Amino acid sequence: GENVEQHPSTLSVQEGDSAVIKCTYSDSASNYFPWYKQELGKRPQLIIDIRSNVGEKKDQRIAVTLNKTAKHFSLHITETQPEDSAVYFCAAPPGGTSYGKLTFGQGTILTVHP
Amino acid sequence: DTGVSQDPRHKITKRGQNVTFRCDPISEHNRLYWYRQTLGQGPEFLTYFQNEAQLEKSRLLSDRFSAERPKGSFSTLEIQRTEQGDSAMYLCASSLGTDQPQHFGDGTRLSIL
Chain A
482 GENVEQHPST LSVQEGDSAV IKCTYSDSAS NYFPWYKQEL GKRPQLIIDI
532 RSNVGEKKDQ RIAVTLNKTA KHFSLHITET QPEDSAVYFC AAPPGGTSYG
582 KLTFGQGTIL TVHP
Chain B
33 DTGVSQDPRH KITKRGQNVT FRCDPISEHN RLYWYRQTLG QGPEFLTYFQ
83 NEAQLEKSRL LSDRFSAERP KGSFSTLEIQ RTEQGDSAMY LCASSLGTDQ
133 PQHFGDGTRL SIL
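Quick mapping for you: the protein sequence lines, in order, are chains A and B. Sequence positions in the first sequence follow the numbering used here and run 482 to 595. Sequence positions in the second sequence follow the numbering used here and run 33 to 145.
Please note that the accuracy of each hint is not assured.
[Said to hold, decoys possible] Mimicking SDA-like on lysine to any residue, the simulated pairs with C-alpha atoms at most 25 Å apart in a straight line are:
hint, chain 1, residue 1, chain 2, residue 2
1, A, 539, B, 127
2, A, 552, A, 587
3, A, 523, B, 145
[What the hints assert, rightly or not] What follows is a set of in silico ranges between Cβ atoms, one per label pair, in the way DEER data are often shown:
hint, chain 1, residue 1, chain 2, residue 2, range
4, A, 536, B, 60, 27 to 33 Å
5, A, 592, B, 95, 40 to 46 Å
6, A, 541, B, 143, 36 to 42 Å
7, A, 543, B, 95, 40 to 46 Å
8, A, 595, B, 108, 42 to 48 Å
9, B, 86, A, 539, 20 to 26 Å
10, B, 116, A, 541, 42 to 48 Å
11, A, 540, B, 73, 24 to 30 Å
12, B, 73, A, 551, 45 to 51 Å
13, A, 541, B, 132, 32 to 38 Å
14, B, 50, A, 595, 46 to 52 Å
15, A, 549, B, 83, 39 to 45 Å
16, B, 85, A, 510, 37 to 43 Å
[As the list claims (entries may be wrong)] From the structure, some residues in chain B lie toward chain A, with a derived Cβ separation under 8 Å:
hint, residue
17, 62
18, 63
19, 65
20, 70
21, 73
22, 75
23, 77
24, 130
25, 131
26, 136
Hints were generated in silico from the structure; no laboratory data involved. Values in this document were obtained by computation on a predicted structure and should not be read as measured data. Beta carbons are placed, not taken as given, at the ideal position from N, Cα and C, and that holds for glycine.
Please work from the sequences and hints to get the whole structure.
This is the structure we're talking about:
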């Protein structure tokens, strides 16, 4: 099955700085990589995703990059704001199947200090 | 609200009791997933449906767990003879198809006394 490793487990930045979270996956056939943001007591919220035929995708202050050769993908948040503070999860489905179930990383607690 | 809805939001029960949770997916979504999340961890896949067919069950899903989606719309997850280790947040998600964005509900938090 798919194995997803996420680093770092905690990340503390000053408001306005950039934050980068990295994930590695094991199944080279995986082809879809979403990122979720989860605030305390709330549902995981999809913030951006990328497919394997694209190397980078950007949405305002958030971007995701994918390196298929190295089997890793990263979330980049620029100009961080206190409301970006949350737990961020990467995920990947197993490749070679049509199931779509997601294997999640362990999560990164991002704290943005004003 | 046209998002994924789950009921109840919280469930407190005694060990050994049976509990049932409900999930209503986004109306046009044919795929429905159940995940379990414990404190400090990412969601773990339990099972999923395409329309009314249950296509995969995780090894995490013991014989005490059963899920249904009888008409291809809402789904129920039942846990029989609950144990302390069943305490967790049970999340439901739905999507339009394979490798399409999965949208989560607010979850049902289960506490076993």
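Hints, one by one, checked against the model:
Distance restraint check for residue 539 (chain A) and residue 127 (chain B): the Cα-Cα separation of roughly 22 Å lies within the 25 Å cut-off, and the hinted pair is therefore satisfied. Among the hinted pairs, residue 552 (chain A) with residue 587 (chain A) is consistent with the structure: their alpha-carbon atoms are about 17 Å apart, no more than 25 Å. A hinted pair counts as satisfied when its Cα atoms are at most 25 Å apart, and residue 523 (chain A) with residue 145 (chain B) qualifies at roughly 23 Å. At roughly 31 Å, the beta carbons of residue 536 (chain A) and residue 60 (chain B) sit within the given window of 27 to 33 Å.
A hinted range of 40 to 46 Å for the beta carbons of residue 592 (chain A) and residue 95 (chain B) is consistent with their spacing of about 42 Å. For the pair residue 541 (chain A) and residue 143 (chain B), the supplied restraint of 36 to 42 Å holds, since their beta-carbon distance comes to about 38 Å. Range check, residue 543 (chain A) to residue 95 (chain B): Cβ separation about 42 Å, and the 40 to 46 Å hint holds. For residue 595 (chain A) and residue 108 (chain B), the Cβ-Cβ distance of about 44 Å falls inside the hinted range of 42 to 48 Å, so the restraint holds.
The hinted window of 20 to 26 Å between residue 86 (chain B) and residue 539 (chain A) is violated, with their beta carbons roughly 38 Å apart. Look at residue 116 (chain B) against residue 541 (chain A): about 44 Å separates their beta carbons, and that is inside 42 to 48 Å. The hint said 24 to 30 Å for the Cβ distance between residue 540 (chain A) and residue 73 (chain B), and at roughly 27 Å that hint holds. Hint check: residue 73 (chain B) to residue 551 (chain A), Cβ distance near 25 Å, so the stated range 45 to 51 Å is violated.
Judged by the Cβ atoms, the range 32 to 38 Å given for residue 541 (chain A) and residue 132 (chain B) is violated: they are separated by roughly 22 Å. The hinted range of 46 to 52 Å is satisfied by residue 50 (chain B) and residue 595 (chain A), whose Cβ atoms lie roughly 47 Å apart. Our hint of 39 to 45 Å for residue 549 (chain A) and residue 83 (chain B) is violated, since their Cβ atoms are close to 32 Å apart. Restraint check, residue 85 (chain B) to residue 510 (chain A): a C-beta distance of roughly 23 Å breaks the suggested window 37 to 43 Å.
Proximity of residue 62 (chain B) to chain A is violated relative to the hint, the smallest CB-CB distance being about 11 Å (cut-off 8 Å). Given hint, residue 63 (chain B) at the interface with chain A, holds; its Cβ is 6 Å from that chain's nearest Cβ, closer than 8 Å. For residue 65 (chain B), the interface hint holds, since its Cβ comes within 8 Å of a Cβ in chain A; the closest pair sits about 7 Å apart. A distance limit of 8 Å between C-beta atoms decides the matter here; for residue 70 (chain B) the minimum to chain A is near 11 Å, and the interface restraint is violated.
Look at residue 73 (chain B): its Cβ gets to within about 7 Å of chain A, closer than 8 Å, so that hint holds up. A distance limit of 8 Å between C-beta atoms decides the matter here; for residue 75 (chain B) the minimum to chain A is near 5 Å, and the interface restraint holds. Annotation: residue 77 (chain B) was flagged as interfacial toward chain A, and the flag holds, the nearest CB pair being 4 Å apart, inside 8 Å. The closest approach between the C-beta of residue 130 (chain B) and any C-beta of chain A is roughly 4 Å, which is under the 8 Å cut-off, so the hint is satisfied.
Interface restraint check: residue 131 (chain B) against chain A, minimum CB-CB distance 4 Å, threshold 8 Å, status holds. Interface hint at residue 136 (chain B): satisfied, since its Cβ lies 4 Å from the closest Cβ of chain A, which is below the 8 Å cut-off.
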